[in-house]
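*Asks:* The chain contents come next:
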Amino acid sequence: MSAQIATDAAPAIASYNFAYLDEQTKRMIRRAILKAIAIPGYQVPFASREMPMPYGWGTGGVQVTAAIIGPEDVLKVIDQGADDTTNAVSIRAFFAKVANVATTTRTMEATIIQTRHRIPETKLSAGQVLVYQVPIPEPLRFLEPRETETRKMHALEEYGLMHVKLYEDIARHGEISTTYAYPVMVEGRYVMDPSPTPKFDNPKMHRSEALQLFGAGREKRIYAVPPFTEVVSLDFEDHPFEIQTFDRPCALCAAENVYLDEVVLDDSGGRMFVCSDTDHCEDRRAQGHRGEMAGHPLETAK
Amino acid sequence: MYVAVKGGEAAIANAHRLLASRRRGDASVPALTLEQIAGQLALGVDRVMGEGSLYDPELAALAIKQSRGDLIEAVFLLRAYRTTLPRFGYSEPVDTGAMVIERRVSAVFKDLPGGQLLGPTFDYTHRLLDPELAGDHPVAEPVRGEAPSEKALRVSDILAGDGLIEENLPSEEDSDVADITRTALEFPLGRDARLQALARGDEGFLLALGYSTQRGYARSHPFAGEIRIGEVAVEMVLPELGFAVCIGRVRLTECQMVNQFKGSAKVPPQFTTGYGLVFGQAERKAMAMALCDRALRAAELGEDITAPAQDEEFVISHSDNVQATGFVEHLKLPHYVDFQAELDLVRRMRAEHAAAQATGRQDIATDASREAAE
Amino acid sequence: MVHAAYEGGFANSVLGSQGLFRTLMDAMARPGTVHPVTTLASPPAGLNSTAGAILLSLCDADTSVWLTPDLARNSEVREWLGFHAGAPVTGDKAAADFAVIADPCRLLDLGAFALGTQEYPDRSTTLIIAVEALTGGDLMELEGPGIDGRIGIAPKPLPPGFTAQWAANRARFPRGIDLIFAAPDAIACMPRSSRIINQPGV
Numbered sequence: 001m002s003a004q005i006a007t008d009a010a011p012a013i014a015s016y017n018f019a020y021l022d023e024q025t026k027r028m029i030r031r032a033i034l035k036a037i038a039i040p041g042y043q044v045p046f047a048s049r050e051m052p053m054p055y056g057w058g059t060g061g062v063q064v065t066a067a068i069i070g071p072e073d074v075l076k077v078i079d080q081g082a083d084d085t086t087n088a089v090s091i092r093a094f095f096a097k098v099a100n101v102a103t104t105t106r107t108m109e110a111t112i113i114q115t116r117h118r119i120p121e122t123k124l125s126a127g128q129v130l131v132y133q134v135p136i137p138e139p140l141r142f143l144e145p146r147e148t149e150t151r152k153m154h155a156l157e158e159y160g161l162m163h164v165k166l167y168e169d170i171a172r173h174g175e176i177s178t179t180y181a182y183p184v185m186v187e188g189r190y191v192m193d194p195s196p197t198p199k200f201d202n203p204k205m206h207r208s209e210a211l212q213l214f215g216a217g218r219e220k221r222i223y224a225v226p227p228f229t230e231v232v233s234l235d236f237e238d239h240p241f242e243i244q245t246f247d248r249p250c251a252l253c254a255a256e257n258v259y260l261d262e263v264v265l266d267d268s269g270g271r272m273f274v275c276s277d278t279d280h281c282e283d284r285r286a287q288g289h290r291g292e293m294a295g296h297p298l299e300t301a302k
Numbered sequence: 001m002y003v004a005v006k007g008g009e010a011a012i013a014n015a016h017r018l019l020a021s022r023r024r025g026d027a028s029v030p031a032l033t034l035e036q037i038a039g040q041l042a043l044g045v046d047r048v049m050g051e052g053s054l055y056d057p058e059l060a061a062l063a064i065k066q067s068r069g070d071l072i073e074a075v076f077l078l079r080a081y082r083t084t085l086p087r088f089g090y091s092e093p094v095d096t097g098a099m100v101i102e103r104r105v106s107a108v109f110k111d112l113p114g115g116q117l118l119g120p121t122f123d124y125t126h127r128l129l130d131p132e133l134a135g136d137h138p139v140a141e142p143v144r145g146e147a148p149s150e151k152a153l154r155v156s157d158i159l160a161g162d163g164l165i166e167e168n169l170p171s172e173e174d175s176d177v178a179d180i181t182r183t184a185l186e187f188p189l190g191r192d193a194r195l196q197a198l199a200r201g202d203e204g205f206l207l208a209l210g211y212s213t214q215r216g217y218a219r220s221h222p223f224a225g226e227i228r229i230g231e232v233a234v235e236m237v238l239p240e241l242g243f244a245v246c247i248g249r250v251r252l253t254e255c256q257m258v259n260q261f262k263g264s265a266k267v268p269p270q271f272t273t274g275y276g277l278v279f280g281q282a283e284r285k286a287m288a289m290a291l292c293d294r295a296l297r298a299a300e301l302g303e304d305i306t307a308p309a310q311d312e313e314f315v316i317s318h319s320d321n322v323q324a325t326g327f328v329e330h331l332k333l334p335h336y337v338d339f340q341a342e343l344d345l346v347r348r349m350r351a352e353h354a355a356a357q358a359t360g361r362q363d364i365a366t367d368a369s370r371e372a373a374e
Numbered sequence: 001m002v003h004a005a006y007e008g009g010f011a012n013s014v015l016g017s018q019g020l021f022r023t024l025m026d027a028m029a030r031p032g033t034v035h036p037v038t039t040l041a042s043p044p045a046g047l048n049s050t051a052g053a054i055l056l057s058l059c060d061a062d063t064s065v066w067l068t069p070d071l072a073r074n075s076e077v078r079e080w081l082g083f084h085a086g087a088p089v090t091g092d093k094a095a096a097d098f099a100v101i102a103d104p105c106r107l108l109d110l111g112a113f114a115l116g117t118q119e120y121p122d123r124s125t126t127l128i129i130a131v132e133a134l135t136g137g138d139l140m141e142l143e144g145p146g147i148d149g150r151i152g153i154a155p156k157p158l159p160p161g162f163t164a165q166w167a168a169n170r171a172r173f174p175r176g177i178d179l180i181f182a183a184p185d186a187i188a189c190m191p192r193s194s195r196i197i198n199q200p201g202v
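Chains as they are written, first to last, in our numbering: chain A, 1 to 302; chain B, 1 to 374; chain C, 1 to 202.
The set of hints was computed from the structure by calculation and includes no laboratory data. All C-beta atoms in this analysis are idealised placements derived from N, C-alpha and C, irrespective of residue type, glycine included. Hints are supplied without guarantee of correctness; some may be wrong.
Partner residues are not named here, just some residues of chain B that face chain A (Cβ under 10 angstroms, in silico) [stated by the list, open to error]:
1. E9
2. A11
3. A15
4. D179
5. S317
6. V322
7. G326
8. E329
9. P334
10. D338
11. Q340
12. D344
Straight-line C-alpha distance at most 16 angstroms; calculated EDC-like pairs for lysine to aspartate or glutamate [said to hold, decoys possible]:
13. C:K93 x C:D70
14. B:K262 x B:D304
15. C:K156 x C:E141
16. A:K97 x A:E72
17. A:K97 x B:E9
18. A:K152 x B:E186
19. A:K152 x C:E119
20. B:K151 x B:E231
21. A:K165 x A:D235
The following block holds chain A by itself, in its conformation from the complex (with noise of 0.2 angstroms):
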């Protein structure tokens, strides 16, 4: 050890192990994943690792991306649904080095893809793997902040204060108030948390063809969504829930029915709506797609 430092050398990246994690963290982590998997929507507890990102920027993504990826892989990483946000830039980054893979921006060509906040617009296909960067994994977290307790309710299917939580929404706001990060029944048996992407979302989730893998590092937690498997987001018969609508398409590819970015684009007011799905939008362009404010310069930024 000391005579790492004394030559100056810091270790080189070769002196890692293939992405990252040394093979006993692995098979500890992909023992988690078949159980995760065997019982849809219930939080595995793992030994998640320290990793050399912090705890809240994606290390629970980034242990099974790790304990799930090959060499023949091709990895995106998406957050707020773009490639090219920073801790996207970084996570990617990350693994093109200490796993060698091909990257890409490209929806289609992924087999795996880490995202924090995002489900890609594009219908995900049976050879894909999602893996979702959780926060905070436990849905009644914010109702019952002790784990002791929340885990006897998920045991014995005790799930009504998070109805009477729902309902006081409504009873205050006229409607459930909670935008994103809205909890879902998995398989009616588990209560789950979709990690924090807009209710949006949520609906891409149920019998995705693609196999969704959530990972929660600092909180220590896996869970998994099988494909083909029943996600409804809780609700009401006289509140039925609905995701968010844009009264305008994006404004660079006219895509409606898409989740919408808003930039400001001066101090007088003036904003623009484009897509979040970076890729998607650049791909409907690429095709022909003009909104009413293609040809912007943020077209090229971004």
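Use these hints to put chains B and C onto chain A, whose structure you have.
*Replies:* Same frame as chain A, but now just chains B and C:
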């Protein structure tokens, strides 16, 4: 093979380059050496080793240099390195009773076997800035005494002879000691896992919690039974040999708080203890840890849980500064997708609110005109 | 025959484990689908190569393995497992993380393995059943998460009374064991979430 490249990568590379330059500072000033950091900022190094859970002063010094003196960042660097190291096994329990003592104080006896030994302490220094330290003035050789002839019995061992203090029984022979670096925490914790979490817990957080118990939030009437600092041997049983061999020495700080306990139906009144054990010279941390350990034993001792320091899930879930830093600082990552969802909701609710207000005003106006007409 | 223990591990343990795990993950996520595997490991006679490779890719000193009595008595198998995986062999089904069933013609009590608890249903045994083939047996029709509609699978041989055993396992959900069928050339899985909806062999 192809790699997706976007503008963000250049920005990150440039930021790191600027960071490296700022870290080096004025190039006309000699760079710090690891020997200087390990030798002259030794208590910072000790803190990084303790909370980083890796005993290696040289690597801790490197981490402090790399982190520009941000000790929590240095702890993080050390932890991320530690996690990649192969694990050969577990040491035998260290015997702090056999410590080569450098400092040893007890607040509960005027004198005791082995004596009181002040050692290298800030205690009783007058906190006056010393201009001499701005330069490199020669320092007088420390005074060295004779090695004590009598063994420095631990205060808990002295009290245990009279049955005045609870016995610290070792856990059952067969039961494995918890390892919080290898398994997910499962509440309620055993005391072994809890002490491990406290040992790597943030000094400031534990200090504040320990302090809160002194101010009445779970008061435990603590006395500093003993604080000792010095080196102990680390021994490990090698399977090939079948017996324990010494593989090195580490400096530790141990604190035993002695606390009041009224007793119960089964147990006569006696003193209880809170325990702190930390790498290096880290007295404040060891004392805070001991106060927290005692407070967290509330359930075990049948005491009411009324204060934050007694709440195991609360204390342990929030004591790790690497976790806390990461999650607090993750708020600077983009959250604009979720913010958009909230923006949309607030705008809609405001529109509905305004509409309701307008309807309300109309109703009032109608009532007023009706009144006027009557 | 000490040397037998040192041979027959993965040629490339990092990528061999990764590749096999991905196959297993896909098989567990899509119950009943058959996934071909190449021969990665050569365990001593008595343990089929696929079951051996699965053990090497998932087990280590942190997991205990239960073996059917014939295998448990086979010192070569135990030594092979110890050398390549470092996994302790247990005689207690209810304490096993993994279990290998090498003689599926015998009666099997799924309820005797670790089933997990309501709070921690993940703490259950994963059963690896070594079969001759994943086709040619009685056709089981499955439904559940991971399955688009229904899917048929016909591993051969199956323990007698397996359908009733599985129904009991399914009824314990979220507790229960998960199952990997290991044929010499292919893998298929049945997690506890899968339901058998027909009466195979009737």
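*Asks:* Is the shortest C-beta separation between B:P334 and chain A less than 10 angstroms?
*Replies:* holds, 5 angstroms
*Asks:* Given the proposed pairing of A:K97 with A:E72, does the C-alpha separation stay at or below 16 angstroms?
*Replies:* holds, 15 angstroms
*Asks:* Can we keep the B:E329 interface hint, with Cβ of chain A closer than 10 angstroms?
*Replies:* B:E329 check passes; min Cβ-Cβ to chain A is 6 angstroms, inside 10 angstroms.
*Asks:* Holds or violated: B:A15 as interface residue toward chain A, Cβ cutoff 10 angstroms?
*Replies:* It holds, given that the least Cβ distance between B:A15 and chain A is near 9 angstroms, below 10 angstroms.
*Asks:* Under 10 angstroms is the threshold here; is the Cβ of B:D338 close enough to any Cβ of chain A for the hint to stand?
*Replies:* This interface hint holds because 4 angstroms falls under the 10 angstroms limit.
*Asks:* Below or equal to 16 angstroms on CA atoms is what counts here, so check A:K152 against C:E119.
*Replies:* With Cα atoms ~6 angstroms apart, A:K152 and C:E119 stay inside 16 angstroms; holds.
*Asks:* Against chain A, is B:V322 within 10 angstroms by beta-carbon distance?
*Replies:* With Cβ-Cβ at 6 angstroms, under 10 angstroms, it holds.
*Asks:* Does the closest beta carbon of chain A sit nearer than 10 angstroms to the beta carbon of B:E9?
*Replies:* holds, 5 angstroms
*Asks:* Checking hints one by one. Is B:S317 an interface residue toward chain A, by the C-beta closer than 10 angstroms rule?
*Replies:* holds, 8 angstroms
*Asks:* Holds or violated: is there a CB of chain A closer than 10 angstroms to the CB of B:A11?
*Replies:* Status holds, d = 7 angstroms.
*Asks:* Checking one constraint from the list: CA of B:K151 to CA of B:E231, max 16 angstroms. Satisfied?
*Replies:* holds, 15 angstroms
*Asks:* Could you check if B:Q340 really has its C-beta closer than 10 angstroms to a C-beta on chain A?
*Replies:* Because about 6 angstroms separates B:Q340 from the closest Cβ in chain A, which is inside the 10 angstroms limit, the hint holds.
This entry satisfies every hint, going by the numbered hints stated previously.
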